Amino acid sequence: MSPQPAGFDELRDLYQEVILDHGRKPRNHFRLEVFDASARGDNPMCGDRVEVFLRLADGRIEKASFLGRGCAISQASASLLTELVAGMTPAEAKTLGERLRDMARTGARDDSTPALERLSALSGVHEFPSRVKCATLAWHALDAALEGSKEASSE
Amino acid sequence: MDTVLTNRMDVARIRQDFPILSTQVRGKPLVFLDSGASAQKPRAVIEAMTRCMETAYANVHRGAYNLSEVATANFEAARVATQNFLGAEHAEEIVFTRNSTEAFNLVAHSFGRALLKHGQVVLVSEMEHHANLVPWQMLRDAGLGIGLRHIRVTDAGELDLEDYARHLARGDVGLVSVTHMSNVLGTVTPAALIARMAHEAGARVMFDGSQAAVHRAVDVRAIDADFYTFTGHKLYGPTGIGVLYGKRALLEAMPPFLGGGDMIETVTLEHSTWAAPPARFEAGTPAIIEAAGLLAAIEYVNAIGMDAIEAHERALVEHASATLSQVQGVTLLGGPQDRGGVFAFSLDAAHPHDLSTFLDRRGICVRAGRHCAEPLHARFGLESGTARASFGLYTTAGEIDALADALTAARKFFA
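Chains as they are written, first to last, in numbering that gives the first Met the number 0: chain A, 0 to 154; chain B, 0 to 414.
The following block holds chain A by itself, in its conformation from the complex (with noise of 0.2 Å):
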């Protein structure tokens, strides 16, 4: 195997390969035909945009679906968004965005869930601080889907 070039393994740490995969692949990548709940977020500064929707039953988020365009991590955190609040109560899907945005800014990463655990490939985004509000905006727009307002804003 050749040598890598510099900043390689970092590069590997922020585009780990469920980023990569969820980016080309993103998972409920669609409008739900009902729902009770959503909301758009836009990052301004590069364009990305991330709409949530949710559809709520028994005090749970029943099921999660994204429309949006960006780049690979901010589909992906939207992607992956989907798939793990689908069953969490509101709350429980707050706390693990706020999980979620600790992460992407320290870098820390908690496996202390295995939602978090699936998160924490988003970690790799502190290093890259023009990046972090690619990973977080799907959350800000999935709390403010939550929260009753039409918008949110990564800013």
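Do not take every clue at face value.
Straight-line C-alpha distance at most 20 Å; calculated SDA-like pairs for lysine to any residue [as the list claims (entries may be wrong)]: (1) B:Lys411 / A:Asp20; (2) B:Lys246 / B:Gly86; (3) B:Lys411 / A:Arg23; (4) B:Lys411 / A:Glu16; (5) B:Lys27 / A:Asp8; (6) A:Lys93 / A:Glu146.
These aren't lab readings, by the way, just hints derived from the structure by calculation.
Note that the structure is a prediction, hence the values are computed from the model and not measured.
We have chain A; now place chain B onto it with these hints.
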């Protein structure tokens, strides 16, 4: 890396004038391909600003003591250098602003509100930087009955001159304000023709020279521009100083933009009368240190010669067109006949931001996004933006090759 592309310009030696170009990024040489956003600074500019502060600093146009007179003379020398750089007839036609953006706001406010008439229209193009769009939208929305229309851009990324003629034929255009060189497509527009057509239709014309003035010799009289703007920091000078050229008769007919010191003739507690241009448009203490830097920057490019810079960049553009279009998965945006050193492109396997992060790890700086030209990206259906490589007089063919190699590697990485 240090390829000498033309025998008129020793790029290897020029690169030594720019301290930042010998720094390393993660052990790799810095490949700076974002000069279109802001250019690096030669030692001559850095030292001129230091010298200004160390030996010749005081406020200008105020003190009756020698140091202030020296500072004023240096400041006005920058104005004369700018006048000559643009081929203007009078030094009074050069107004120092903060940047090009402020120059557009100045003209939109002072010319737009006072001299455009109800029912008249400002005509821009689809490929404008937001600086040459938003101020006119604000003018349109000010309730004065002034409209705003845009000239189409062709698929090749050129100004659609037939569409332009159709707009002018409607007889309501008061001001045409278009770029002299697109910051995204690199398109150099036919400024003299644009101005002649505008004047024949009774309209005034303003050019955004933020990019063009860096890459080509500009002669505002040959073009017959009514207004022309560029900014210091893209011309290897400092941030915080820009230039508005305006024909003397026009500037004299315009009311002030900002009020304050330095722009008045007499002041009572109730009223003031305005100073003559350019002072009328330079309220408050101006960018004194930055003017020293701008003067040094103009002297620096003059010493190399704008013709030599243009020849060097034409060779780079030719090399980049050939090289980048060979990279699998790369699509270049537009293909204008006359292109300055700017290439916007997309890579099929990666979003521009992911690509930019990848390139950054190899020491290559490109811009990613919509480059303050959102409508143009919408026009080409590229809502996610593009990556953009833009060249300066210190750019080498080797740096373009490094970009091409990295794009190939990025495609492998993200695919």
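Quick rundown of the hints versus the structure:
Annotation: proposed proximity of Lys411 (chain B) to Asp20 (chain A) holds, straight-line Cα distance about 14 Å (limit 20 Å). Our distance criterion of 20 Å between C-alpha atoms is met by Lys246 (chain B) and Gly86 (chain B), whose separation comes to about 12 Å. This hinted pair checks out: Lys411 (chain B) and Arg23 (chain A) have alpha carbons roughly 14 Å apart, not beyond 20 Å. Taken as a hint, the Lys411 (chain B) and Glu16 (chain A) pair is honoured in the structure, with Cα atoms around 14 Å apart against an allowance of 20 Å.
Taken as a hint, the Lys27 (chain B) and Asp8 (chain A) pair is honoured in the structure, with Cα atoms around 15 Å apart against an allowance of 20 Å. At most 20 Å may separate the alpha-carbon atoms for a hinted pair to count; Lys93 (chain A) and Glu146 (chain A) meet this at roughly 10 Å.
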